[in-house]
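> One letter stands for each residue in the lines below.
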Amino acid sequence: MALLSISEPGESKPTVHAIRKRAVGIDLGTTNSLVATADAGKVQTLCDHKGHCLVPSVVHYSNDGTVMVGDKAVEKGSSDSRNSISSVKRLMGRGFNDVDYDLAYEITENADGGMPIIETSAGSKNPVEVSAEILKVLANRGEEELGGELDGAVITVPAYFDESQRQATKDAARLAGIKVLRLLSEPTAAAVAYGLDRKQEETVIIYDLGGGTFDVSLMRLEQGIFRVLATGGDTALGGDDFDRAIINWIISESGLDEKLSYDRRNAITAVARDAKHALSLDEKTEVSFENWSATLTRDTFNNLIDQLVESTIKACRRVMRDARMDISAITDVVMVGGSTRMPRVRERVAEFFQAEVHTEIDPDQVVAVGAALQADVLAGNKYGDEVLLLDVIPLSLGIETMGGLIEKIIPRNTTIPVSRAQQFTTYKDGQTVMSLHVLQGERELISDCRSLAKFELKGIPPMVAGAAIIEVTFQVDADGLMEVQARELSTGVASSVVIKPSYGLEDKDIEKMITDSFTSAAADKDARALQENRVEAERIIEALENALVEDGNELLDDNEIELLNEGITKLREMITKQDADAIRTGAEALNKASLVFAGRRMDSQIKSALKGHTIEEYD
Amino acid sequence: MSLTNRNYFEFFSLPKSFQVDADTLEREYKKLQTEYHPDKFADASDSERVQVLQHASLINDAYDTVKSPLKRAAYLLRLENIDPEEHNQSHLQEAFLLKQIELREDLEMLTAKKDLDGLEKMKGSVTSDRNTMLQNFEVCYLASELIEAKSLYNSLQFLFKLVDEIEAAEEKLLDY
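Heads up: the sequence lines are chains A and B, in that order. For what it's worth, the working numbering labels the leading residue of the first sequence as 1, then goes sequentially. For what it's worth, the working numbering labels the leading residue of the second sequence as 620, then goes sequentially.
Hints should not be assumed to be uniformly reliable.
Unchecked claim - Here are the simulated PhoX-like cross-link-like pairs (lysine-lysine), alpha carbons at most 20 Å apart as the crow flies:
{"hint": "1", "chain 1": "A", "residue 1": "Lys179", "chain 2": "B", "residue 2": "Lys659"}
{"hint": "2", "chain 1": "B", "residue 1": "Lys791", "chain 2": "A", "residue 2": "Lys314"}
{"hint": "3", "chain 1": "B", "residue 1": "Lys780", "chain 2": "A", "residue 2": "Lys408"}
What the hints assert, rightly or not - Just a few of them, taken from the derived set where beta-carbon distance is under 8 Å, the chain B residues facing chain A:
{"hint": "4", "residue": "Thr653"}
{"hint": "5", "residue": "His656"}
{"hint": "6", "residue": "Pro657"}
{"hint": "7", "residue": "Asp658"}
{"hint": "8", "residue": "Asp662"}
{"hint": "9", "residue": "Ser666"}
{"hint": "10", "residue": "Glu667"}
{"hint": "11", "residue": "Gln670"}
{"hint": "12", "residue": "Leu672"}
{"hint": "13", "residue": "His674"}
{"hint": "14", "residue": "Ala675"}
{"hint": "15", "residue": "Ser676"}
{"hint": "16", "residue": "Asn679"}
{"hint": "17", "residue": "Asp680"}
Honestly, the hints are just simulated from the structure, not real lab data. Keep in mind it's a predicted model, so treat the numbers as computed, not measured. Every residue gets a Cβ at the ideal spot worked out from N, C-alpha and C, and that includes glycine.
So that you can see chain A by itself, here it is in the shape it has in the complex (with noise of 0.2 Å):
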């Protein structure tokens, strides 16, 4: 479908869907991976044949290139930590230089470039391909449960997640073979699953603490739009820390000498985990270790953890202080992460917000019910009441000057999609090459802030210093995920844009990786190719004819219509020969052509619509 088809406003669109969408949403945890599907409101979590529903995110890498994932991977680790891969969501879009923590496997410097790269016995692995695995296990329980391949999924991401961290899920969804409908910010799914999006006004606090990780959202709603007005948390605050609390007091209870070995220490980890479960549930309970054993009541448990729940209640107050917020003005409290089935927690952060706090829906999946409900919703599949979510860029965008010094040029919070002009002009004679360096955050000084890419535009028409005017258009779509576009605005000449991302992967790069993994079966894959590139381009031959027919004669004179008509016809013949590329390459230039008129039909839309708003409210 080449061409918009827009409907009357006010009317609803009048696409019927006989066939129902096959859409997933995904939690891509740092810990925890999950996946989940809406029909019509209905969410269902898909788990693996063992009942299974989360996902551990650990990617083992054997000698002979066999991949693990999940739970299998997690057994391995235990023997060969090295090329067990956990946690890799933290390295996402970061650089070697970002990672001042310990990890239980090795990690290199890229090249080219200050990506993490990671070194298993089979080959080194980047972080976007370590994502990968997950996303396609992850995808292949909603094949299976869908029964086909999939039209789309919601990928949830952090709400303070920068440009190259977003454009590193992305990338790894696409490495996966995943059409992303949407990167969705986590307290927002959280938000959606309990329905608060169909509410007027709310200021909703998301309270998320995982197993390694502490992250807390301060979230208005208003008019139909999520903004996140600040986040905090601690990166190094969990379910472990808790586990912890329990381990020193066996320790220190049953006179155990602290160094243990591995295994014992492994045994012991067990034990207080699940002593923890347990008192979620009863007033105390019986922890043994070896042959020792003692009852452990809540009211002990809770003293042993007060000091970490208060440490997250210190950053409730830094956030709603950074919003320059009252408690009072909180409407309601989202919990999420399997920490937060503690009572302790739960009494604490309700006494705290003096608001209704929401435990119903399962913390874990919470986040993934929300992104399928949502992915429900984008793949097509209406029901009921349509909601928007409108996302804000969470940190400012902007530019490098003289000096180290930023300009920003999309300011945070800012809602997206958005695109914003800044002009440039040469400082020597002749030039026609210029740099940009993209950065993104608050402070002033580059050094401060996060290095995103670097551009370089090619092509300026040579002329005296200061006579070219470039305009650089940054575009910012509603993933939160930058494009970049240049123009010389006294020839009009455009520049083309070279982008070299600061931690992430190269456009070439992934197409590498995508082709490098089909390689085994290339001739199914240009069998494939054919086949969808035809399908593709039937579509957009269809849909053009359609639009032809009915806006043709308004829209276009005789020699637009003629032009496009031999568009057409050049590629119907082209769809009975064999060549996927011809095909493909038709397609796309009759895409092209046809563009003007769809910005025509888009206009006229446009016009009617406004047209009929001012009749509404001035008649």
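Place chain B on chain A using the hints.
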């Protein structure tokens, strides 16, 4: 007819004016977003998505411009073919320049003394000046005294920035 040829007020069924009916703006913005947000075209082809992305960005920019009094003022001047960013010193600006220096010194002093109450008081008085100046801008704009209106706009730019700076200073002091 291209979307860019239409003024931003028309997007929201609003008259071209410094006064904006906030309810109409919100309602019409939401209507347009509901129709043109990229999420509504998640399944469309790439070229369609590019078009929609551009339209949705334009709608967001129009909303930002009409909603913010400062951006709205600059936009109204542009519609009258006045470049609001062009720097020519008028008498009005010269007088205001002295005041600017004074206000900046005040801010520096209060920040150095960590005087939170003083900062809060200063914010109140600057905000009130700003509101008066916004009213003056409207009077000049309605009377088509555009050169005067432009001067006021440049002074407003300073006052808006100053309020941001006072708030940033307060934030820094609170961040113990």
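> Does each hint fit the structure? Answer for all of them.
For each hint, the structure was consulted:
no.: 1; hint: A:Lys179 / B:Lys659; result: holds (16 Å)
no.: 2; hint: B:Lys791 / A:Lys314; result: holds (18 Å)
no.: 3; hint: B:Lys780 / A:Lys408; result: holds (14 Å)
no.: 4; hint: Thr653; result: holds (6 Å)
no.: 5; hint: His656; result: holds (6 Å)
no.: 6; hint: Pro657; result: holds (4 Å)
no.: 7; hint: Asp658; result: holds (6 Å)
no.: 8; hint: Asp662; result: holds (5 Å)
no.: 9; hint: Ser666; result: holds (5 Å)
no.: 10; hint: Glu667; result: holds (6 Å)
no.: 11; hint: Gln670; result: holds (6 Å)
no.: 12; hint: Leu672; result: holds (5 Å)
no.: 13; hint: His674; result: holds (6 Å)
no.: 14; hint: Ala675; result: holds (5 Å)
no.: 15; hint: Ser676; result: holds (4 Å)
no.: 16; hint: Asn679; result: holds (5 Å)
no.: 17; hint: Asp680; result: holds (7 Å)
In this structure, every one of the numbered hints holds.
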